[in-house]
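Given these sequences and hints, build the entire structure.
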Amino acid sequence: MGSKDMDLIDEDGKRLDGREYDELRPISIEAGVLKRADGSAFINWGKNKIMAAVYGPREMHPRHAQDPSKAVVQARYNMAAFSVPDRKRPGPDRRSVEIGKILSEALDEIIFVEQYPRSTIDVFIEVLEASAGTRCAGLTVASVALSDAGIPMSDMIASCAAGKIDGQVVLDLGKNEDNYGQADVPIGLVPRTDELTLLQMDGDLTEEEYEQAMELAMDACHDIYKKQKDALRERYSTDLEEQEFEEIPQEGIEEG
Amino acid sequence: MGSKDMDLIDEDGKRLDGREYDELRPISIEAGVLKRADGSAFINWGKNKIMAAVYGPREMHPRHAQDPSKAVVQARYNMAAFSVPDRKRPGPDRRSVEIGKILSEALDEIIFVEQYPRSTIDVFIEVLEASAGTRCAGLTVASVALSDAGIPMSDMIASCAAGKIDGQVVLDLGKNEDNYGQADVPIGLVPRTDELTLLQMDGDLTEEEYEQAMELAMDACHDIYKKQKDALRERYSTDLEEQEFEEIPQEGIEEG
Amino acid sequence: MGSKDMDLIDEDGKRLDGREYDELRPISIEAGVLKRADGSAFINWGKNKIMAAVYGPREMHPRHAQDPSKAVVQARYNMAAFSVPDRKRPGPDRRSVEIGKILSEALDEIIFVEQYPRSTIDVFIEVLEASAGTRCAGLTVASVALSDAGIPMSDMIASCAAGKIDGQVVLDLGKNEDNYGQADVPIGLVPRTDELTLLQMDGDLTEEEYEQAMELAMDACHDIYKKQKDALRERYSTDLEEQEFEEIPQEGIEEG
Amino acid sequence: MKEIISNITKDYLNRLIKEGKRIDGRDMLEYRDLEIEPGTIGPAEGSAEIRLGDTHVIVGIKMELGEPYPDTPDKGVLTTSAELIPMASPHYESGPPGKDATELARVVDRGIREGEVVDTKDLCVEEGEKAWVIFIDIHVLDFDGNLMDASGIGAMAALLDATVPASEEEELGDDYELPIEHVVIPTTFTKIKDQILLDSRLEEEKVADARLTVSTNEEGNIVAMQKGLSGVFSYEDTQECIKRSKEIGEELRQKVLDVSEKDKV
Amino acid sequence: MKEIISNITKDYLNRLIKEGKRIDGRDMLEYRDLEIEPGTIGPAEGSAEIRLGDTHVIVGIKMELGEPYPDTPDKGVLTTSAELIPMASPHYESGPPGKDATELARVVDRGIREGEVVDTKDLCVEEGEKAWVIFIDIHVLDFDGNLMDASGIGAMAALLDATVPASEEEELGDDYELPIEHVVIPTTFTKIKDQILLDSRLEEEKVADARLTVSTNEEGNIVAMQKGLSGVFSYEDTQECIKRSKEIGEELRQKVLDVSEKDKV
Amino acid sequence: MKEIISNITKDYLNRLIKEGKRIDGRDMLEYRDLEIEPGTIGPAEGSAEIRLGDTHVIVGIKMELGEPYPDTPDKGVLTTSAELIPMASPHYESGPPGKDATELARVVDRGIREGEVVDTKDLCVEEGEKAWVIFIDIHVLDFDGNLMDASGIGAMAALLDATVPASEEEELGDDYELPIEHVVIPTTFTKIKDQILLDSRLEEEKVADARLTVSTNEEGNIVAMQKGLSGVFSYEDTQECIKRSKEIGEELRQKVLDVSEKDKV
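Chains as they are written, first to last, in this note's numbering: chain Y, 1 to 256; chain C, 1 to 256; chain A, 1 to 256; chain P, 1 to 265; chain D, 1 to 265; chain L, 1 to 265.
Wrong hints could be hidden among the right ones.
Mimicking BS3-like on lysine-lysine, the simulated pairs with C-alpha atoms at most 27 angstroms apart in a straight line are [unchecked claim]:
id, chain 1, residue 1, chain 2, residue 2
1, Y, K101, Y, K175
2, Y, K101, D, K10
3, L, K21, L, K193
4, P, K10, Y, K35
5, C, K47, C, K101
6, D, K130, P, K130
7, A, K88, D, K99
8, P, K206, C, K70
9, D, K121, A, K88
10, D, K75, D, K130
11, A, K35, D, K21
12, C, K35, L, K21
13, A, K35, D, K255
14, C, K229, C, K35
Because the hints were derived from the structure by calculation, they are not lab data.
Given below as structure tokens:
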């Protein structure tokens, strides 16, 4: 977290973008947006724009990386070169590697991985525009894409962060709040059980502040969970209206 | 193509090196110049010096890259560090990767690849001295090396470029003409059928100029084709005169 | 070797650190210092601090690199980033690659590699603090680690260098002597047969100087050999005193 | 990397084409619906989202101050990159750009460079010392064929959308529109047996013998060409492609200018 | 990379834990013996050798003059790297850092950075131009579990040992102790079935469902957390871990200060 | 990378050698025909093409202005690279230099550096700021054994052919011959069973137990040695190799000077 030379909360208790302390940025989610992927979803969260695609379960390569007892969940978190003010060089940096790792672990928990031994379930999270909170938005949209792909799951993961700015605990830090605030606590929640599959924290919090932050974030995850389910409901209703034009004999298509 | 602050054609219609508009630079080709390779050839084209070597057909590694229905033709185009005025850092750059790809595709067409399933035919093109037109010279000399290796082919590929300098369409751009000219059209021709296996173009040409350029280049390819055949004829006659000293029991040599 | 603007031998014939021309820096070796490795040893040689660990014989990956007739000995020589005055960037540089190669070859000679076809014996040499002569110290300590791992060997390799400073042949160059001296001759010796498995030389030596250097270095290797054997003797006596607390059913532990 | 197709589908497609039909009912030289949406990416200096049928590409432009090349000290620098990210196709893999991505980036780059699309002289800040470097990044999200055109048209639209962020630097004055001199449109043909098709979908590309991209400018001149794949074109084939490229290029160019809210350049 | 364990050992460990026991007889929330030896590496500006049970880690600090980051022109630069060298475990491989090493380095780095351990303002030599770059290198020699704590505590002790080599540069005056403002201690818990364990050994980590690292400073505040592995923690679990982390953190902090021969910072 | 050989060929070669014969009829310590052609590569500042029997190597020299190393601020910089390109042998692979290429480059480099072949003081343009960087690039086209000598002699001949391109830079005056102080010649021996062979061909290298390269200068001094492969040499073996290296080195040195049209340096 950064230094403190910016006022982030005004006299009326409003934040820079006019939000209350416990208010999320606007979120919209759309499922089933890509053709090639087995499942996909797109999220607009504040100024974040993130696409998620799922391929699998499919045979894992190389073979020596296969797990004979279950599917391996591999999330790749990638930022487009143009997604941030200073161009990001293509290719994974250490931050992307770490986020990919913790998102893989967070998603693994809810997927019935034992059903697909020796397989991989690949989750690609592409950040097209980044504005604080991409890992939470990415985890949220990836869960929807997994559902869209029909992967058997015990639940979805809903994710958001709480943090501390100007000494006050608030929900869902925006970009300036992230840069000039004092702490950030991103979490990933299994809404049905209120268990945490993702938890990180940076900055400086007392135990009490930690508890306030967790309450805000866990509550918000339940709201996000509703949006995830709405996106899937919308997707299925759309499907019924659509008629696919193309009628290639599908049984014949093999993929190498 | 570059800017236009250099006169490339003089009052008598002669080019910087004294050539006519439809004249190739001097070309000499020698086949069978390396011992280890299954086939090889060396070309001197203007100031270009290029060596080509062929290995194969041999088993392709890694196995998952094998094609069960045919041999895979893999051309590698590489410039020696000392082949250009400013030292080239060793290793493939994007230009070399692209040229390797299009030369592989251009050669694939003439090789009876179906005869060697799961195999690779490797063509190594090493540019020892570069002076405009290396991809055409490389494709020309690689065809001779393939013949020298005894790879079954329907024909050879003859290759050269035409372009535009000082507003006029000319054959086989030299180095200054390439730097200060207005267009370049390298082609690869199957001489027996007059079909194009390589075609690129850069610069600015009207339809009419394109047609003039193609006529010049296609005509020249037939001349180059003669030089290719001469080199092979020369090679076979030399073979008859030579007697190999060494008599190692060859059936015993295995390669790992 | 460097330039000569530093006096390295004083009027009494003593070297910068007070040593005689035929005197080694202080050396101490401890065997069996790591838990996970199959064998290990640590050496303090002057200001050099080097750890060696051995894993194997174990199945070699990738399989195509296996030798069906014997084990492959793979030594990796690596310098910690903090081991030298100017931080060394992590990862192998060309010097480390070369040293790893010649140490692998030097060790291969004494190991009964035919007993373990298709296997690898991995020797990891980590330089924690470097102060001239790391390859000799590394080879010396690696031999001890191999013995500690119970790898069948015909002998150990003892290694040290002789060189020339201020025009005089001396044993075991220190750091300033290496930087400002005129030649360095590191050797690796099979003490039982007096054969050389490692030999390099840099600088400028007459034939006579070479012979003086070799005599110094070969003699010193026999002294070092004693220290190697002492370290192993010490190790075995310690083993008898120790009682392992932990009693996990070891037959059940598989390694992937 | 190569997309593989079964023999059944291959036979079906070949039969269709022999009958003069395409899988989606188009004529042989007809283009798919093309949606161009400029300016979708906030942090980019310019951007365009392209949907060519189900092919979905985003091109973003970023600009930074850097050094001009020694041989063109008075010009800005253009650099084009393409990533075929594994999101877009089950056959794409993570890692540095492979041969296909490299060819794609270089063909788009040459169209823009050789077509003199950008007035790079206007991007020099201090001769030999400082100039704007323009990064064109091609991000393919969904792949249903004809990446060359989707990416090339996307790059063109993103350049037309782009603003030079001069005000972010000291003493460089106000932001200004990236100066565009020509509008270059690539159009890509494939050859399947003896038939030439425009704007092929993925299944058609899978059975194609050869591929030809022709890029033209608003004067109807050819500025770049690239043949791909192992098959051949006759000289006459290339003449036919060029003619059709000029026609359809004219239409697509107008569309790009329309969405950019620009008149002719 | 992942350490694999047989079903027999797994069952044995799970049964032990169900009975409230650990393989080495410790209580569930008890730490192993920790040896900290600062200053073992001569050429380093600071160093510490850590033995946490059989886990053996060396952390070295190197400093060089470099450029400050553009967004913090008045501060020095911290950078943390970890190598899981194949010496330390039969499952580590040579090559660039993998996912585990990357996570390790970043978690250690965040604890130091977010905990404001170093007064980086005191490392600026010339605003926007020149500042000290501090390299924290984590070298794992032997791996018997809980690398997060061994590395994090090692980094802390190495920083307390470090001297800024100002005298090696012209006109920068004498060497001075690296200015330390806070002492941050990471403590790592694992969850096996419903049981929470502190400072797990390798065999315990192999069967762990989830992992949680909590870093606290001398004020008892939390400065960094990191959950790892696929399993879950309840909110109440995290509260329990934080409480224990503060207690044991206090003890370990005193130990680090003692070996460093420093009073409270 | 390693060249593999069948047991039949191996037995045949071992039997030959036992009888004191070599596959091409040479004596044990006899060199193959060596052709040296300097100046074959136009764009290089110096070059030499070497044919040692069927081994065919080109060495090119390029020079650029760069920074001297901090510890030798008054000297130019030498850097040697070798690529074992897959053209030269069916067992070489594309990609960054492997162990063999690295050893080759470093051995050639040490011969030149430790033999003080180039007067690097004469390559400094501005102390601590600017000096000529000399790139020695070894390109192996055909591999029939003894790359060490072919490359090392090629590098020597290329350096003797080289011109410092001072006139290409502003205010550095005219081009001048690269100042050469010593002519260092490497000679490489192999040991097969108890027999020592000079200048081995590929088949001989395949069965060799050990390899020793000895580099000497015109004063008959040894300037570099490198033992390779797993086998051993006795001390007496090395003395024998050194004696022969001095003799044959004298002959080869004269040949290099002759083709360079230079007198003794």
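Structure-based check of each hint:
1. Y:K101 / Y:K175: Distance ~23 angstroms between K101 (chain Y) and K175 (chain Y) Cα, so the pair holds.
2. Y:K101 / D:K10: Distance of about 24 angstroms is within 27 angstroms: holds.
3. L:K21 / L:K193: holds, 14 angstroms
4. P:K10 / Y:K35: Judged against 27 angstroms, a Cα distance of about 21 angstroms means the pair holds.
5. C:K47 / C:K101: holds, 24 angstroms
6. D:K130 / P:K130: With a Cα-Cα distance of about 22 angstroms, the restraint between K130 (chain D) and K130 (chain P) holds, given a limit of 27 angstroms.
7. A:K88 / D:K99: Distance ~22 angstroms between K88 (chain A) and K99 (chain D) Cα, so the pair holds.
8. P:K206 / C:K70: holds, 16 angstroms
9. D:K121 / A:K88: Given pair K121 (chain D), K88 (chain A) holds - Cα atoms ~26 angstroms apart, limit 27 angstroms.
10. D:K75 / D:K130: Satisfied, since the Cα-Cα distance of roughly 9 angstroms is no more than 27 angstroms.
11. A:K35 / D:K21: holds, 23 angstroms
12. C:K35 / L:K21: Given pair K35 (chain C), K21 (chain L) holds - Cα atoms ~23 angstroms apart, limit 27 angstroms.
13. A:K35 / D:K255: Between K35 (chain A) and K255 (chain D) the Cα gap is close to 25 angstroms, so the pair holds against 27 angstroms.
14. C:K229 / C:K35: Measuring from Cα to Cα gives roughly 21 angstroms; hence the hint holds.
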